[in-house]
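Peer 1: The primary structure of each chain is shown beneath.
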Amino acid sequence: MTMDFQEQNISSHNFEQCTKCTVCTAYCPVTAVNALYPGPKQAGPDGERYRLKDPEFFEKALKFCLNCKRCEVACPSGVRIGDIILAARIAHTKERPSLRDTMLASTDLMGRTATICAPVVNVALALRPVKYLMDLTVGIDSHRRLPKYSSTKFTTWFRRNAAERQKEFSRQVAYFHGCYVNYNYPDLGIALVKLLNAAGTGVRLMEAERCCGVAKISNRLIDEARHDAEINIAAVRKALAEGCQAVVATGSTCCFTMRDEYPHILGIDNSDVRDSITMATAWLYRMIESGDVKLAFRKDFRLRLAYHTPCHMEKLGMANYSIGLLRMIPGVELTVLDSNCCGIAGTYGFKKENYETSQAIGSKLFRQIAEINPDFVTTDCETCKWQIEMSTPYKVKNPIEILAEAIDVEATAKLNRK
Amino acid sequence: MKKIGKHYDVIVVGGGATGAGVARDCSLRGLKVLLIERFDFTAGATGRNHGLLHSGARYAVTDRESATECIKENMTLRRIASHCVEETGGLFITLPEDDLGYQKTFIDACRAAGIEAEAIDPALARRLEPSVNPALVGAVKVPDGSVDPFRLTMANVYDAKLHGADVLTYHEVTDFIRSSTRIEGVVMKDLRNNGEGISATADVTVNAAGIWGHMIAEKAGVSVKMFPAKGSLLIFGHRVNNVVINRCRKPANADILVPGDTVCVIGTTSDRVPFESVDRMEVTPEEVDVLMREGMQLAPSLATTRILRAYAGVRPLVASDDDPSGRSISRGIVCLDHASRDGLEGFITITGGKLMTYRLMAEWATDMVCKKLGRTGLKCVTAERPLPGSEQTGKQEKLRGMGAKAAAGRHGTLAADIAADKDSDRALVCECEGVTVGEVRYAIDKLNVDNLITLRRRTRMGMGTCQGQLCICRAAGLLEEKHGCVKRQLDDMRDFINERWKGMRPVAWGDAVAEAQLMAWMYAGNAALNQSDNTLIQL
Chain A
1 MTMDFQEQNI SSHNFEQCTK CTVCTAYCPV TAVNALYPGP KQAGPDGERY RLKDPEFFEK
61 ALKFCLNCKR CEVACPSGVR IGDIILAARI AHTKERPSLR DTMLASTDLM GRTATICAPV
121 VNVALALRPV KYLMDLTVGI DSHRRLPKYS STKFTTWFRR NAAERQKEFS RQVAYFHGCY
181 VNYNYPDLGI ALVKLLNAAG TGVRLMEAER CCGVAKISNR LIDEARHDAE INIAAVRKAL
241 AEGCQAVVAT GSTCCFTMRD EYPHILGIDN SDVRDSITMA TAWLYRMIES GDVKLAFRKD
301 FRLRLAYHTP CHMEKLGMAN YSIGLLRMIP GVELTVLDSN CCGIAGTYGF KKENYETSQA
361 IGSKLFRQIA EINPDFVTTD CETCKWQIEM STPYKVKNPI EILAEAIDVE ATAKLNRK
Chain B
1 MKKIGKHYDV IVVGGGATGA GVARDCSLRG LKVLLIERFD FTAGATGRNH GLLHSGARYA
61 VTDRESATEC IKENMTLRRI ASHCVEETGG LFITLPEDDL GYQKTFIDAC RAAGIEAEAI
121 DPALARRLEP SVNPALVGAV KVPDGSVDPF RLTMANVYDA KLHGADVLTY HEVTDFIRSS
181 TRIEGVVMKD LRNNGEGISA TADVTVNAAG IWGHMIAEKA GVSVKMFPAK GSLLIFGHRV
241 NNVVINRCRK PANADILVPG DTVCVIGTTS DRVPFESVDR MEVTPEEVDV LMREGMQLAP
301 SLATTRILRA YAGVRPLVAS DDDPSGRSIS RGIVCLDHAS RDGLEGFITI TGGKLMTYRL
361 MAEWATDMVC KKLGRTGLKC VTAERPLPGS EQTGKQEKLR GMGAKAAAGR HGTLAADIAA
421 DKDSDRALVC ECEGVTVGEV RYAIDKLNVD NLITLRRRTR MGMGTCQGQL CICRAAGLLE
481 EKHGCVKRQL DDMRDFINER WKGMRPVAWG DAVAEAQLMA WMYAGNAALN QSDNTLIQL
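Those protein sequence lines, which keep their order, are chains A and B. Quick note: the first sequence uses the numbering used here, first residue 1, plus one each step. Quick note: the second sequence uses the numbering used here, first residue 1, plus one each step.
Listed below are the simulated BS3-like cross-link pairs for lysine-lysine, each with C-alpha atoms no more than 27 Å apart in a straight line:
{"no.": "1", "chain 1": "A", "residue 1": "K131", "chain 2": "A", "residue 2": "K395"}
{"no.": "2", "chain 1": "A", "residue 1": "K63", "chain 2": "A", "residue 2": "K94"}
{"no.": "3", "chain 1": "A", "residue 1": "K60", "chain 2": "B", "residue 2": "K422"}
{"no.": "4", "chain 1": "A", "residue 1": "K63", "chain 2": "B", "residue 2": "K405"}
{"no.": "5", "chain 1": "B", "residue 1": "K422", "chain 2": "A", "residue 2": "K63"}
{"no.": "6", "chain 1": "B", "residue 1": "K446", "chain 2": "B", "residue 2": "K6"}
{"no.": "7", "chain 1": "B", "residue 1": "K405", "chain 2": "A", "residue 2": "K94"}
{"no.": "8", "chain 1": "B", "residue 1": "K32", "chain 2": "B", "residue 2": "K379"}
Residues on chain B that point at chain A, a partial pick, calculated with CB under 8 Å:
{"no.": "9", "residue": "T304"}
{"no.": "10", "residue": "C432"}
{"no.": "11", "residue": "W509"}
{"no.": "12", "residue": "A514"}
{"no.": "13", "residue": "L518"}
Because the hints were derived from the structure by calculation, they are not lab data. Note that CB positions come from ideal geometry on N, CA and C, so glycine has one too.
Using the sequences and the hints given, assemble the complete structure.
Peer 2: In C-alpha cells, the structure reads:
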C-alpha cells in the first residue's frame, strides 16, 4: 500500500516554496543600484539554506535590505523573502544596535522629548554645524533634514478640541495616528478627524498607543518592539470590542507593520484583528462603495496631483483605495507615478552609509515627478514624503489631507446625517 | 588501435573511491600508475550513497569486523580528509515500538569494537538534535559524521596525479591483453572519441570497478560472484538535522538520516537487482514510500520538507549464502589475488567494503600489488599523509563573500587556488550552492571536468534547490571557452537537465514540479533544447 505523499509532502518551510524564478531580484530597488547587496533571492531563500547549514554563512551585506517587501509582492510563489532576510539579520547580527540606530529607532521617546521644546530642537537640528556633527559622530548623513517636531502633540490637540464631540456619532473608528502625526505633523490627524466627522463617523484614540515598532524592528531592537506591539494589539482588541468598526491608520508603514510584521517577525498572533486594522483611505473607500458614506466636493477645488505608491502600500495592496478616492474629486487631475521605491525606507536613508544607495534608488521617481511637474505629490507614507521633499522641490501631502481640503464639509455632513 | 607507449607498474580499473584510493596509494609508493574510469569519477556507488562517516556502530552487533574497520578509518579520515568530513556526531535512537533492551546489546557491541557509545537521556538528545522524533525513549551518542564522497575521491585523484599517475575518464575497458596465465594490459574504448580502441600495458591490473567488477572479472576470464544490492535514498532541500540520526535496532530500511553540506539524506533500502539493470537504477514509488514512512520516524519534520530528488546506487557486495536482501552480507573487505585463486597472474580484485574503508581497501590492494612486483619495501603512508585540501598549509584562503566560504568548504586549503580577485571571478554561476566563476574555471583546469555533469560532481553546481535551472547556461558558457563548440554545450545542457529530471521524477510534486516545468520552459524556449528526439523533461 503506498501512502499519498504527493498530497502530504508539501513543504511547510516558506523558503522552500521558491522556484528560483528570480523575479524578486528583478524588482529589488537595492540590487539595481548597490552591487554589494546580494539581492533578495540570494539573501533570502538561497542564503537561508546555507545559514541552516552554518550560521557563519550570514552576510553582513543583508543590512542593505530596505525591507520594502517589493520582493514579496513580486514573488509568484508566496515566499516571504523580506521576512526571511529581516529575521536572519535579527538572528545573526552579533553587534548590539549602535547609539545612532537606537536613537533613530526610538521615534516615540525622541518625539516625546523633542515636542517639549520643539522650536529649539527644530532650529538646532537644522543648523549646519549640528548636522555636520551628527554626520561625523553618529553617522546620520548631513544631507538629511530631520523632520521638524510640532510643539503641540496631536493627542493633546485631540483631547482639547475634538474628543468631546466624537460622541455625537454612532459609527466609530479608532485612529492609530503613529509617531509622525503625533510629534511632527498633527495637521494630518486633524484633517482625518475633519474628514471622517463630515462622513458621519466618530474618531477615537486607542486607550494606549505605542510606536508601531517598524523602526525598532529594522534596527533590531526586537524585545522593545515586541513590548510596544503587545500594548498596541491589546489596545486594538479593546477598541474593537468597544464597538469601533476598524482601527484606521494614515501611515502605510504603521498599518503594514501591525498587520504583517507583528505575526511574521515578532511572533505575535493578530489573526483575530488583522483584517480590522486598515488604511483610513481603504476603510473610507469601502464605506462609499457600500453606500454608507457619501462625499460632496467643493466646486472650486482644482489641483494637479501625482500619486506615489509607497512600498508598504504596495505590499498592503491598498494603493488603489487611495487612488480611487483621489479620482472621486472632480477638480483633481491625477497622475499615478510608476511604482518605484523612493529610497528612504524609514530610518535606512538617514544612515550615512546608505545615503548614496538611497538617492540612487529614488532617482527614477524624482525624475518622473519633475517631468509631470504637479502642484503636489501625494502619498500615504510619511518617510516617502520626507524623501521626496528633501530630494525634489515638490511638497507632498497625504491623500487624507487632500480629501479633507477637497470636501464641502457642510454638504458632506448633511449627506451623512442620519 | 592506438597504444599507450608507456609501460605501467599498475593499471587501476574504476574511478570510484576505491580505485582513486588505490591509484593514490600506488603513486605515493612511487609506482607508475594508470587510472581508468568508464564514465566519470564517482559516477557509480561512490556518488550514490549516504555520505555517512560511519562510526561502525551500525555494524557493531551484526558484523564486528566491519565495525572495527569503520571506527579505525573514521578516525583516520578525520585526520587525512578533514575538508571532506563534518564531525557532526550521531545518535542511535530507540522509539517506543523498538526494544529498549537492544540498546544494551548495542552499546556492549560498540565498546567491544572500540566505538565510543554513550547512552544519553532522551531530553538531552532532543536538545542536541531538535529535529529528532520527540517520542524517543532512548538515545546513544556515537562518533558518526558525514563525508563528501565526491571531494574525497577527487582529492585522491588529485594527489595521484600530483605523484605522476596518468588518468583516463570516459574510457571503458573492453578486453584484456593476456598470455596464457597472465594479464598484461587492457584494451579500452574511448567513449568520447567515437569508441576508438586504445591499449595500455602494466605488470599488474587492479579491478576496483565496484559492482561492475563482476563484469570486468568475467572479461579477464575469472569469476567474482557479486551480489548487486540496490539502495535508494532521498535528498531533502535543506538540512533538517545537524547530527546523524540512526535507529537503534538491527539494520533495516531507511533508518539513517545524514546531514551533508546544504542537504540531508534519508536511506536506504536494500534489494537484490539483476546485473542487467545496474546501469539504469531508478527509484520506485514503493521505495519513496518506505523511505518517507521510515524517515518520518527519525525526524517527523521530513514529512513537510521539500524533497529534492531520489537516487539509487548498487552496493558491490560479495555474495555469500542465500540472502535475498543482502542486509546480512558482511561489509568486510574482499581482496582477491587471482594468481593463487584462479591461476591468473597480474590481476587483483578489490571489492566488498564500504566508502568508509576505501583507504584500507586501497592499502590492502596496493600491498598486494607491491608483493607481486617484488617491491615489498614500499610502505603505505596514506593513513598519515593528509589529502590535498586537508593539508595545514598556512595559506590563507580569500574568504570574500558566500561563494568563497562555500568553496573553502568544498576544496579545503586548495580553495586558495581559486581566482577571487576580480568581481567577474566572484560572480556566482550556481546561486543555490554558491559556486563562483572562479571555482568553475578552477574545476575545469584542475579537476578533470569535461561537461556539466562532471562539473556538478566537483563543485555542487546544480545540486541545490533549482537543480541547474539558473546555473547551467552560465556554466555552459564557461565550458564553451574550453571546448569552443556551442552545439556541444547545448547537448550538454540537455543531458544535464534530463539527468536531473531522472532523479526528480520519483518525487515530482508540489513546488518541485513547478520548478521543473519552469526549467523546461526556460530551456525549451530560450535554447530550443526540445528541437530533437531527445526531448526535455516529460511531465
